[in-house]
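Now for the letters of each chain:
Number of protein chains: 4
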Amino acid sequence: MALTDDQRAEIEAPRLSPSTTLRPTVAALEARLFTPIDLLDHGFLRVVDYMGDDGAIVQAARVSYGRGTRKVSEDAGLIRYLMRHRHSTPFEMCEMKFHVKLPVFVARQWIRHRMANVNEYSARYSILDREFYIPSPEHVAVQSVSNRQGRAEALPAGKAAEVLELLRRDAARCYDDYETLLDPERYGLARELARMNLTLNTYTQWYWKIDLHNLLHFISLRADPHAQYEIRVYAEAMLDVLRDWVPVTAAAFEEYRLGAFTFSAGMLRVIRRQLAGEMVTAEDSGLSRREWDEMQAVLAGGPNG
Amino acid sequence: MALTDDQRAEIEAPRLSPSTTLRPTVAALEARLFTPIDLLDHGFLRVVDYMGDDGAIVQAARVSYGRGTRKVSEDAGLIRYLMRHRHSTPFEMCEMKFHVKLPVFVARQWIRHRMANVNEYSARYSILDREFYIPSPEHVAVQSVSNRQGRAEALPAGKAAEVLELLRRDAARCYDDYETLLDPERYGLARELARMNLTLNTYTQWYWKIDLHNLLHFISLRADPHAQYEIRVYAEAMLDVLRDWVPVTAAAFEEYRLGAFTFSAGMLRVIRRQLAGEMVTAEDSGLSRREWDEMQAVLAGGPNG
Amino acid sequence: MALTDDQRAEIEAPRLSPSTTLRPTVAALEARLFTPIDLLDHGFLRVVDYMGDDGAIVQAARVSYGRGTRKVSEDAGLIRYLMRHRHSTPFEMCEMKFHVKLPVFVARQWIRHRMANVNEYSARYSILDREFYIPSPEHVAVQSVSNRQGRAEALPAGKAAEVLELLRRDAARCYDDYETLLDPERYGLARELARMNLTLNTYTQWYWKIDLHNLLHFISLRADPHAQYEIRVYAEAMLDVLRDWVPVTAAAFEEYRLGAFTFSAGMLRVIRRQLAGEMVTAEDSGLSRREWDEMQAVLAGGPNG
Amino acid sequence: MALTDDQRAEIEAPRLSPSTTLRPTVAALEARLFTPIDLLDHGFLRVVDYMGDDGAIVQAARVSYGRGTRKVSEDAGLIRYLMRHRHSTPFEMCEMKFHVKLPVFVARQWIRHRMANVNEYSARYSILDREFYIPSPEHVAVQSVSNRQGRAEALPAGKAAEVLELLRRDAARCYDDYETLLDPERYGLARELARMNLTLNTYTQWYWKIDLHNLLHFISLRADPHAQYEIRVYAEAMLDVLRDWVPVTAAAFEEYRLGAFTFSAGMLRVIRRQLAGEMVTAEDSGLSRREWDEMQAVLAGGPNG
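Residue numbers (our numbering), protein chains in the order written: chain A, -5 to 299; chain B, -5 to 299; chain C, -5 to 299; chain D, -5 to 299.
If you're looking for bench data, these hints aren't it; they were derived computationally from the structure. There could be a bad hint or two in this list.
One copy or any two copies: either way a pair holds, since identical chains are not told apart in the list.
[What the hints assert, rightly or not] 20 Å max Cα-Cα, derived SDA-like pairs, lysine to any residue: (1) Lys65 x Leu215; (2) Lys65 x Gln1; (3) Lys65 x Asp0; (4) Lys65 x Ala245; (5) Lys65 x Ser138; (6) Lys153 x His81; (7) Lys65 x Arg80; (8) Lys153 x Glu132.
Could you put together the complete structure from these sequences and hints?
Written out as structure tokens, the structure reads:
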């Protein structure tokens, strides 16, 4: 369901009356403030407020009286240092507030990140909209055999169409009956009960506020190739927001976290042997097959490499 | 779905091989350890581990070298004092771990309590059982008018039966199709996708661990008459467990929290006038109608009184 | 030690270059942004950033597309409702960042509030200033007998002067020796070691960021008459900031939290008997002496009344 | 100050009356339960309670009805998998409670780990013992030049002796005056005030409870060579306890965390060039000098290698 005209007007309204502030302000972020980033078929992510910028991180790290920033290069160096050595507290000094619309099954993964503040639209208090997530055909994929919690290749087009038809039909019927249950002329069932008849792809929405340190943690887990596609698109959209909001931090994050790889003690032993000119094989590496494969993929420039 | 014989055997197994420990141990709790308390139609709550007892609270409050307990009456007095003055840290020194089976829509409320540890059964990794919550007829109630997020009286028997039939039919069909989607002979859809077709009354399960302070907070919110019935039964079962585990704390909790009532500044002004013999009415009380009604209910010995 | 001219200039600098923002902005708070509120002899509290306002609370509670505010009276009614029923999550949607200078022994109490973000000035990395808290004579008080963790009346002037002289002398000598230990010409001792020679009244400083819900909790505990005076002055200064920042929330907080009193189950029984015209005495009240006294004080309009 | 006979008796008492329990129990840990591990000159760490074992981790990961353990090799494989992929929630299902005696300046670092439960001995309520940390001469080290927050080599013996004498004298004088201030015959100053005259090397003590996931995080930061020696000894003692408590987890932790090293995106590029036979120098590596040096140290088998 697209945004209604009323909703669009509500979203645009603050743009007509900017305020003056002494707080750190990021022009690139102000430009996209409030505007929804469309995700999946009916979801979105939009920034509704933020606190701080790259400068606020160095200001806090230095416990400064003023803005605390020095030369651009020094500030960037400090941020890279903090990121590399996992000094997390200065990053906690920035905060972002999102309004998110997302399917319930995605919300259930998302909420596992406890270090955030959440206000969800209440289906005890209000009636949910008739909106459910139906994947696009190319994301209708078979169960992966190698990864017990992932998906593999897409189904053939015909099969995918049948799957989508089935998902659509069940969600629609459940929603129809949800409305019937709520209807005061029919049953007038309590909303807190009627909602149980909805399917897990029904959309919900919430306000979600998180500090930058925990946001980075969320992104590093959920923008990962092993994360489920339907949550990954949100994490990737956040990363894109980050690049506008805190460009120096975003770059350091990509260098030292997203693009990095942790070698175990055993992997380090292998690398040392290899650099000394030794030919090491999976068999005599001392690593499990899975670890060996992961390491080779990284050294070949694969994911996380 | 009742427990299978295998599950019952698994649950009983540890009972055959008790261990010796120097840790604080509570006999009344050991007696009911592991055994599920049946809740709703297919749910349960069972204690799988615990740390500490009433004595551990006073031991921590006194930062003792030994058990730190003194006379029973002194220990009880200290616990009452801590409860009354909301000194929460000593209660954090006890911990309880539950295995819970509960409908997804209940799980979604429950998880909002962030100060706990959770491992949920993964529907990305495994296939959920064919179990959904269908209320008993007396809990099929109409939407409350006075309380926008609650329910009022039960539906007439005939209507309730129709509601239940509808809930049962939709959940069953969705589950059937979930199986069809997963079936390798049919679609072999990835589990992480197929699960979206399930209804919100499908049962899930998790391990949930929480310290006693946060457990009391959970119970005070969720055993409240305003909490949804379907989560309240779990909170009430926990309160019952508490009475076996930490009887002194449980008694103090009922006296100073569950059975207590907070009078606002305005309510205190009313009480003072009343005790001075003045006849105060809703109109000249300075309270909102709702506050006045709540206060009168409590003074009449109603809920929370 | 007063602020240096450089520090004053740093503090004032942002005032010269305000920005334009679409975010919620509070004029009364902008006016006092950055300016230190002097506390104790060398301490201060100053707001360095904030997110949200009263409107942001109702916006989150309603999960709105726009600002989400309606009529002023409706918004205030919603905030009062949320405060009264301890719906805490909407208050978590506002955030405040302080720069605080405070004695170490106060910092040790303060840090027990875990739900906040902190960056403390590092005495491993930098050298602390020569500043220690010396109470003003009227706060040099004897140990309370009735309250084992509080103070009673002030010492006689002559005695107080001796106490202050002693505190001043010990702190000064320890600081002198700290400098000697650090002096590269003398010992060049590592800063992380030298700092252990300082007394607990030495001033430290930190950036401290917290959401409004947790800030209210902090204030309710630390602005309480039972809190130590030296932390209470900070909590009271925060309450004053709140009145400018979120006036509706601050009023509701004073009505339903600071000015409220919780009657235990036993106290409610007493009140009911009294309102029914019965003469209840401490002896037949069923309450402990201490509970009886507290209750009488409140009904007489005493503290928290 | 050594433990008093009374304290020793208190500590030993529970050993005389073991209980029977159905909970997971670890014999190697029971053997050392309660007994203090002496650290620094007057400090200690002792386990006062624990919940769970290696099996409890796999039990939670599998959301099992019973103990959930299978073959030893499968369980170990699962724990290694969870550790490697940073699936932290199953590790949160184990909990440990320590009684710790430590200098105040160490306590101030320690408390920055917020995800733990703490009850500290209250110097508002009680009088602290006459005990302060005086380093042994080999730990009296000069400020490091390369690491602004660390120490370098030890001072010459004569200089070190002077430093220790000075630390001892100041701490003793401050403690003497603390006693004078408290003395009812002299001033009877409130304890909450008198304590400010103590030096930061005074010992305090607390009960500290933490889940295994957060404990591993604490150890990984505080057993690190860059951590201050005085907190590192506590972290190392914890690691030693871990080896008895959860041997499989401890081994995985050493393999995948303590002994591991994270290569940034830039470092991975260098490694790839090196493995392809290219000679890479600091200058053309694209890394900062500091990053290059760290990487070379790890590849040479240095710290964290």
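Comparing the hints with the structure gives:
1. Proximity of Lys65 to Leu215 under the C-alpha cut-off of 20 Å is found in neither arrangement, the shortest distances being 33 Å within a copy and 30 Å between copies.
2. Within a single copy, Lys65 and Gln1 get their C-alpha atoms only as close as 43 Å, which misses the 20 Å cut-off; across copies the closest is 18 Å, which meets it.
3. Taking CA atoms no more than 20 Å apart as the test, Lys65 paired with Asp0 passes between copies only; the shortest distance there is 18 Å, against 46 Å inside one copy.
4. In this assembly of identical chains, the alpha carbons of Lys65 and Ala245 lie at most 20 Å apart only when taken from the same copy (18 Å versus 44 Å across copies).
5. For a Cα distance limit of 20 Å, the shortest separation of Lys65 from Ser138 qualifies neither inside one copy, at 50 Å, nor across copies, at 25 Å.
6. For a Cα distance limit of 20 Å, the shortest separation of Lys153 from His81 qualifies neither inside one copy, at 50 Å, nor across copies, at 34 Å.
7. Within a single copy, Lys65 and Arg80 get their C-alpha atoms no closer than 23 Å, and across copies no closer than 37 Å, so neither meets the 20 Å cut-off.
8. Only within a single protomer do Lys153 and Glu132 lie at most 20 Å apart by alpha-carbon distance; the minimum there is 11 Å, versus 43 Å between protomers.
The structure fails hints 1, 5, 6, 7 (numbered hints given earlier, in ascending order).
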